[in-house]
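The listed protein sequences correspond, in order, to chains A and B. Using this note's numbering, you'd call the opening residue of the first sequence number 20 and step up by one each time. Using this note's numbering, you'd call the opening residue of the second sequence number 20 and step up by one each time.
Rather than coming from a laboratory, the hints here were simulated on the basis of the structure. Hints are not guaranteed to be accurate.
No copy is singled out in the list; a pair is fine if it fits within one copy or between any two copies.
[Stated by the list, open to error] Cut-off 30 Å, straight-line C-alpha distance, at most; resulting in silico cross-link-like pairs (DSSO-like, lysine-lysine):
1) K37 / K311
2) K236 / K168
3) K74 / K247
4) K247 / K54
5) K311 / K179
6) K74 / K179
7) K247 / K305
8) K247 / K311
9) K247 / K188
10) K168 / K305
2 protein chains.
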Amino acid sequence: MAEIQYSLRTRAETLFRKLQDEITAALEILDGSEKFFQETWERPGGGGGQTRILKEGSVFEKAGVNFSAVHGDAPESTAENGITFFATGISLVLHPRSPKIPTVHANFRYFEQTNQHAWFGGGMDLTPYYLDEEDAFHFHRTIKTACDKHDPSYYPRFKKWCDEYFYIKHREETRGIGGIFFDNLSAPTVRELENIFAFVEDAAYSFLPAYVPIVEKHRDEHYTEDEKHWQLLRRGRYVEFNLVYDRGTRFGLETNGRTESILMSLPTVARWEYDAHPSPGSPEAKLEAVLKNPREWI
Amino acid sequence: MAEIQYSLRTRAETLFRKLQDEITAALEILDGSEKFFQETWERPGGGGGQTRILKEGSVFEKAGVNFSAVHGDAPESTAENGITFFATGISLVLHPRSPKIPTVHANFRYFEQTNQHAWFGGGMDLTPYYLDEEDAFHFHRTIKTACDKHDPSYYPRFKKWCDEYFYIKHREETRGIGGIFFDNLSAPTVRELENIFAFVEDAAYSFLPAYVPIVEKHRDEHYTEDEKHWQLLRRGRYVEFNLVYDRGTRFGLETNGRTESILMSLPTVARWEYDAHPSPGSPEAKLEAVLKNPREWI
Chain A
20 MAEIQYSLRT RAETLFRKLQ DEITAALEIL DGSEKFFQET WERPGGGGGQ
70 TRILKEGSVF EKAGVNFSAV HGDAPESTAE NGITFFATGI SLVLHPRSPK
120 IPTVHANFRY FEQTNQHAWF GGGMDLTPYY LDEEDAFHFH RTIKTACDKH
170 DPSYYPRFKK WCDEYFYIKH REETRGIGGI FFDNLSAPTV RELENIFAFV
220 EDAAYSFLPA YVPIVEKHRD EHYTEDEKHW QLLRRGRYVE FNLVYDRGTR
270 FGLETNGRTE SILMSLPTVA RWEYDAHPSP GSPEAKLEAV LKNPREWI
Chain B
20 MAEIQYSLRT RAETLFRKLQ DEITAALEIL DGSEKFFQET WERPGGGGGQ
70 TRILKEGSVF EKAGVNFSAV HGDAPESTAE NGITFFATGI SLVLHPRSPK
120 IPTVHANFRY FEQTNQHAWF GGGMDLTPYY LDEEDAFHFH RTIKTACDKH
170 DPSYYPRFKK WCDEYFYIKH REETRGIGGI FFDNLSAPTV RELENIFAFV
220 EDAAYSFLPA YVPIVEKHRD EHYTEDEKHW QLLRRGRYVE FNLVYDRGTR
270 FGLETNGRTE SILMSLPTVA RWEYDAHPSP GSPEAKLEAV LKNPREWI
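Please build the complete structure, drawing on both the sequences and the hints.
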């Protein structure tokens, strides 16, 4: 078992490094005006990461694509058991300037603990400001195709998990129109764990084809001040989800994670107004209805 | 004991209602352009409140002054013990438009549980965007005077408690330059509980004299776009504190509180930029230094 765990560990880290390179390269081409800058950081207990940020671009107001690979003593480690952990992952949040282009989040990660087990987690989800059913269908279908190659139960399970995870309880609505989410995905045999890795690889590589066509479709659309205003209110909800509920964010902040890398997920600007509601029948109300009743897109 | 508890309950509710009226009246005069509107709400389990909001005023971008008095079965109530609770309080957050005027928060509350105990909580704290030592001194001295009338240990204890409570751990800084904070302030005898009520009354009435002179002093000062930009970044930190740490906010959101009344504390607009730091020696850096090392103002 030990050799295989090391092998997966190396391959997972390699995959996430490659993904960071490919995704940031594609996003720079898509943006056309700004480039990512990189900050390399080290974790005092072992390992580190690369945070890449593109800001004030023509398409993206703020785009963050983080890679990390950290290791060290597990919190439950003692002199006797000497338990260590290793975690590697990629995490990205893209906030476009235009309210016609959805915000997107994706995250894939691998975790292992000595003498215990190894697992994968991840997913991606779309947060539009205006509902475009064709976009929703395209995003979900692209992900479903990647899932179905590996296990027909994955997409329905992980789609449901996503709707449940990205739920803003105090607003009684989801953060966006979903995608997939999975965590602690493990297996009793090496062969099955290899299969999970193959799935994670395909799911991660489906990110660009799932999202980029949506950006290309809407990037030249006109938008009004009112539409921008609605986007900022919705971004307030994004902040609420991330700071109140997101387990990754809260865990990171509580365990002295790298604050700037964790909070790179927040939008540049967000608004809160007392009791603001879209007028009935408006495009804004149409989006809200879907957030209150998550739909099956396929 | 029972009669006295009822009496305190009625007097506490009356105090907080009166305070809401006096404070909103004073703030309308101070703002000079906009008025508060009121929403009255009922709590399904018993009681309700009045949320008053003033928005887009000439001085205040957003000002919320909430009153509530709620009662019902305590969470630990069973058919056998029939434990009930009563809670009343006033809570306010004022976000001025100008970065030269500090944001302020105040909250006073009374809580009692049948056959158990009664206690008070509250405090007020100032969140400037630029440090004015005279303001800090005035704010703290006004509060200290109210505290000292009742117990010389109150101000030093509650000032320290405030610095500790309004601490943004992941930023290693306080939310603002403090004030006082106290919770679960109770007493074994009726007489002592009455003394605590008298203290809460004086502390609550010190709010307007502690804050209003600061507004009057800075209301006509000019400010630049850069100063407004810094205010929005600091408001991001305000949002971080409220959503990640504030126990009242988190408890309210988790227990199906009235979301709009709870989140009225958030500023209209907040900004997040990756790794933004004020330049050394700037007025912005001077504020940051005080947030990292809370000072004794008196």
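| query | Which numbered hints does this structure break? | reply | 1, 6, 10
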